[in-house]
Amino acid sequence: MAGTEKIERLLTLINVLLDAPRAISADDLRRQVPGYPQEDASFKRAFERDKDELREMGVPLLLETIPASDPPLVGYRIRKRDFELRDPGLTEDELEALNLAAAVTGFAGGVGQRALFKLGAPVPEAPQAELPVDPNLVAAFTGVSERQPLAFTYHDVARLVQPYRLEFLRGRWYLNGFDRTRGDDRWFRMNRVQGRIELVEAPGAFERPAEAVPGLQLDPWAIGGGTDPVEAEVWFDAEVAPAVRAEVDERAIVRDDADGLVLRLSVTNRDGFRSWLLSFLDRAEVRSPADLRAEVVAWLEELAR
Amino acid sequence: MSKPRITATSRVQRLLAMLQWAASHPGGVPVEQVCERFDIKPADLARELDLASMIGADSPNYDEMPFEVFVEDGLLYVRLFAFRRPMRLSPAEGLALVAAADVLVAREDATDGPGPLERALAKLAGLLGIEPGEAVDVELDPDGGEVGATIRRAMAQDRQLAFTYWTYGRDAIGDRTVDPWGLFADRGSWYLVAHAHDADATRHFRLDRMEALAVLDAPRTTTAPADLPTEVAVSQGLGEVVLDLAPGARWVAEAHPVLEVTERAGDLLRVRMAVAGPAWLERLLLRLGPEATVVEIDPALGDTDLAAQVARRVLARYRPEGGGGGPQGSR
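So the protein lines, in turn, are chains G and Y.
Counting in this note's numbering, the first sequence runs from -18 upward without gaps.
Counting in this note's numbering, the second sequence runs from 28 upward without gaps.
Keep in mind that the hints were calculated from the coordinates and are not lab data.
None of the values given here were measured: they were computed from a predicted structure.
A few of these clues could be false.
20 Å max Cα-Cα, derived EDC-like pairs, lysine to aspartate or glutamate [what the hints assert, rightly or not]:
no. : chain 1 : residue 1 : chain 2 : residue 2
1   : G       : Lys25     : G       : Glu37
2   : G       : Lys32     : G       : Asp21
3   : G       : Lys32     : G       : Glu65
4   : Y       : Lys150    : G       : Asp74
5   : Y       : Lys150    : Y       : Asp136
6   : Y       : Lys150    : G       : Asp68
7   : Y       : Lys150    : G       : Glu(-14)
8   : Y       : Lys150    : Y       : Asp168
9   : G       : Lys(-13)  : Y       : Asp77
10  : G       : Lys25     : G       : Asp8
11  : G       : Lys25     : G       : Asp9
12  : Y       : Lys68     : G       : Asp74
13  : G       : Lys32     : G       : Glu(-14)
14  : Y       : Lys150    : G       : Glu127
15  : Y       : Lys150    : G       : Asp9
16  : G       : Lys(-13)  : Y       : Glu75
17  : G       : Lys(-13)  : Y       : Asp71
18  : G       : Lys61     : Y       : Glu91
19  : G       : Lys(-13)  : Y       : Glu91
20  : Y       : Lys150    : G       : Asp21
21  : G       : Lys61     : G       : Glu34
22  : Y       : Lys150    : G       : Asp63
Partial selection, computed: residues in chain Y whose CB lies under 7 Å from chain G [as the list claims (entries may be wrong)]:
no. : residue
23  : Asp185
24  : Glu238
25  : Arg344
Computed footprint of chain G on chain Y; a stretch qualifies when at least three of its residues, placed anywhere within it, have a C-beta under 8 Å from a C-beta of chain G [what the hints assert, rightly or not]:
no. : segment
26  : 203 to 216
27  : 292 to 305
We treat Cβ as the ideally placed atom computed from N, Cα and C, and that holds for glycine.
Please take these sequences and the hints and turn them into a complete structure.
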């Protein structure tokens, strides 16, 4: 358990800074808040850690010039309106529903529990299904909610992105936004982001699109594709049918019986389609259109030689 | 397993939450009720309350003490002079709640207008400045659905399970009878850990590759494995393969665990990999096509001509005269 002295120090620090009439210098804080080390370097380290801790709690520390100080000194302050939770007006049954949701899904480390503490709900149980934490997820979400552009490197290219939406699909986090570098709407896989995501510019720096961003399409025959869509009819043997059925939209199914499963898919990525089709080995066959079928046959013939 | 260590951040916020909640009952609140609501032992609560009453006590000004705390006849009384409102949600906390709510909101019965979770999500979205359902979308099966429920029932009743299963790595489909011992989720899919009676060993099975699942009358006959896995391990021992990868296939070295990598002349990357199953290697070779060449292969998996052999087998589907008939005629 985290040390009691530290908890006492953090609470006193917030109490002193919260709604202070003027910014307070680090030296004054060292005097007013019990528990800081006397030695300069260790004090500095402890104070930096406390600032990080406050930031993690969602408490923004304002850095301001202390009025009438000469030479000008900087100090710290917490504004009440930055600190306090605006009451979302959750009713008892709404809190209960949130509590239940947090007991089903959540992140490691009790972050959902802390949120529910703040909202006044009883402690939920640890979540039964854990969402994977990505080191850049919180920065990305901040960008989405505060409308702040994000700077990061992806596929070795430095990007500036207006983030619109986060999606968790098949075990992975994805970010959608307008890539100013490329002048295009894009999806980014969070675990392929190289290094850290930095928030740049002020909150409210861009407007969200008037129409909702369409959901991410992960189907291998469509994702990242750029060719004109063709309707492909694909057959699967009855034994793999259950696994295929679990993977596709049921509207794609045109036949499903003892002779197997037949799907009609709109293919825009022919390479992706071929790879996916061949992952079923000889349990699947593309029947039409003729040119797509011929491409698959030619690929196999090349290999069979 | 011990409880996770409580961080300073969590502890500060739990303390504030307890004090704010108690302060909202000016007539006092039973100590055991606080302990139950915040899942804290009475001794720990007493220590936290002591701590709270120390804050600002060193200050020369009495009015800098933010809390007045006392316990009498099993009732806790709190008055707040500061910290009257909870702290703002941090972005991480906001995301955690929105994500959790998004998973379940689609399951809510909305016949009589929005349910409590949908209303809660709308209020949270307002607080965080996002559009509900548009900023964060979480597609997650939190419990394995109907199949998961059936498996849980079998485990609760100590029964065996039977199902038809597609073993992807070997591309084999067969009927399995197992003693179910646990469920876990890994990278978006649910898995059953079970003692497989045909193999007489612990195996895991992906729930979405099970078909015709049935709870049998027969009780389980094995004991739970000492260490229930919580993630899918890479299966070993099926042999190794050495591939030369052209530039277009270099991703293989990043996407799959490799045992050895060497750069070769002609921009080739030579990788040695452990193979999860023969069908797994066949798929990889078909997919890579001319971008990969088999240099060495464990005889148990095939020979260096494996890609051509598999391609011929799949081609037979496309040429009914090549044997097998194929589905073309079955319409």
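Self-check item: G:Lys32 paired with G:Glu65 [C-alpha distance capped at 20 Å]
Solution: holds (17 Å)
Quiz item: G:Lys25 and G:Asp8: Cα distance at most 20 Å?
Solution: holds (10 Å)
Exercise. Quickly compare the C-alpha distance for G:Lys(-13) and Y:Asp71 to 20 Å and report which way the hint goes.
Key: Between G:Lys(-13) and Y:Asp71 the Cα gap is close to 16 Å, so the pair holds against 20 Å.
Self-check item: Pairwise hint evaluation, G:Glu34 against G:Lys61, where the allowed Cα distance is 20 Å at most
Solution: holds (18 Å)
Self-check item: Given hint Y:Asp185 near chain G, where the shortest CB pair must fall under 7 Å
Solution: violated (21 Å)
Quiz item: Is the hinted pair G:Lys25 and G:Asp9 satisfied, with a Cα-Cα distance of at most 20 Å?
Solution: holds (13 Å)
Quiz item: If you look at each residue in the segment 203 to 216 of chain Y, do at least three have a Cβ nearer than 8 Å to any Cβ of chain G?
Solution: holds (count 5)
Quiz item: Keeping to a limit of 20 Å between CA atoms, is the pair of G:Lys32 and G:Asp21 held or broken?
Solution: Satisfied, since the Cα-Cα distance of roughly 16 Å is no more than 20 Å.
Quiz item: For the segment 292 to 305 of chain Y, does the count of residues with a C-beta closer than 8 Å to a C-beta of chain G reach 3?
Solution: violated (count 0)
Quiz item: Holds or violated: are the alpha carbons of G:Lys25 and G:Glu37 at most 20 Å from each other?
Solution: Cα-Cα ~18 Å, so holds.
Quiz item: CA of Y:Lys68 to CA of G:Asp74, is that 20 Å or under?
Solution: Cα-Cα ~27 Å, so violated.
Quiz prompt | Given hint G:Glu127 paired with Y:Lys150 - CA-CA distance at most 20 Å | solution = Holds, at roughly 17 Å.
Violated hints for the displayed structure, listed by number in ascending order: 7, 8, 12, 15, 20, 23, 27.
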